[in-house]
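Start from chain A and add chain B according to the hints.
2 protein chains.
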Amino acid sequence: MSQLSEETASGGTGATGPGTTGAGAFAADVMNGGADDPTATDAGVDAFDVFSRDCPSRVALEHITGRWGGLTLSALADDPLRFNALRRRVDGVSEKMLSQTLQALERDGLVIREAQPVNPPHVEYRLSPLGRQAAARLRDLIALVEEQMPEVLAARGRYDEGRGAGWQRGQK
Amino acid sequence: MSQLSEETASGGTGATGPGTTGAGAFAADVMNGGADDPTATDAGVDAFDVFSRDCPSRVALEHITGRWGGLTLSALADDPLRFNALRRRVDGVSEKMLSQTLQALERDGLVIREAQPVNPPHVEYRLSPLGRQAAARLRDLIALVEEQMPEVLAARGRYDEGRGAGWQRGQK
Chain A
1 MSQLSEETAS GGTGATGPGT TGAGAFAADV MNGGADDPTA TDAGVDAFDV
51 FSRDCPSRVA LEHITGRWGG LTLSALADDP LRFNALRRRV DGVSEKMLSQ
101 TLQALERDGL VIREAQPVNP PHVEYRLSPL GRQAAARLRD LIALVEEQMP
151 EVLAARGRYD EGRGAGWQRG QK
Chain B
1 MSQLSEETAS GGTGATGPGT TGAGAFAADV MNGGADDPTA TDAGVDAFDV
51 FSRDCPSRVA LEHITGRWGG LTLSALADDP LRFNALRRRV DGVSEKMLSQ
101 TLQALERDGL VIREAQPVNP PHVEYRLSPL GRQAAARLRD LIALVEEQMP
151 EVLAARGRYD EGRGAGWQRG QK
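In the order they appear, the protein sequences are chains A and B. Numbering follows full-length UniProt numbering, with no gaps: position 61 of the first sequence is 61. Numbering follows full-length UniProt numbering, with no gaps: position 124 of the second sequence is 124.
It should be emphasised that the hints constitute simulated quantities derived from the structure, not laboratory data. For clarity, every value in this text was computed on a predicted model and none was experimentally measured. Cβ atoms here follow ideal geometry from the backbone N, Cα and C, with glycine treated the same way. Everything hinted at is true.
Just the calculated beta-carbon pair ranges, DEER-fashion:
id	chain 1	residue 1	chain 2	residue 2	range
1	B	113	A	123	45 to 53 Å
2	A	163	B	118	19 to 27 Å
3	A	116	B	82	52 to 60 Å
4	A	163	B	79	21 to 29 Å
5	A	52	B	132	22 to 30 Å
Chain B stretches covered by chain A per the calculated footprint, using a threshold of three residues with CB under 8 Å from any CB of chain A:
id	region
6	59-69
7	85-91
8	142-151
Just chain A, with the same shape it has in the complex (with noise of 0.2 Å):
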């Protein structure tokens, strides 16, 4: 289980958070806690499930769906880009954010880091087949919201409207 060794732990920590403060608690809870079972048992896929706190899938998908994962994901969809297109693309991440994200997803065998032996130097980042296989489901997910804006739009005024002064009460 190299892949969950004490150095990958304290690196893969580091490379987690596109953006939410608090993955880096949570990577470690996946290296202390359960981790050990999906990958000791050599099982199929049921073995993986992101419901499990423990479980390194659901890790994985917060990569995916982190909020610059996802848009990094997408953007690489139609072509290879540079670092700096990309962050052009990915309107309002940081340069720091990006590099981050895009760590964590070439770890997990998402995005391809292509480094040409010229100079000056040229890298370029492209989607895996898995990359691209999860950049087509996010893309079906996006084309919904921003279609159904309208409606979600909608939905926040008869929300707030019937809310009024009470907004703000617990809900349970």
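Just chain B, lined up with the frame of chain A:
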């Protein structure tokens, strides 16, 4: 544009963050920034673009794909659930986070909170038709991640071996 009124802006900020610090600041951006454009122009689908930092669709996408939002929607895809059953299903979510997540999803018109007028009170959460569409796409993505976790773990192993002590170098 009642849905972007001053009152809504502050209320919305409070309920924005299912587990992501900084979502509040982001929502404030939307309120102060270019959020007027898409609704003011009364344009169609093309007006919304999650890649644009000020587009309200980005916040809606974050509610759907956020750490707890995605799991909550997916958990409700099968059956309506009461708060405590939902909390057990979404392993690891705090009461406060689940409450905020449900509030954000209800406000966006994805989840319906149904309080039956009985004693003791019986409250269930279920998906709206739009919520079902989003949940179906999320579950496609989750299924892919769970299925491909062996490949993800293998990629992590290769990445960490290849990098060794140089793992934390900057990447661009």
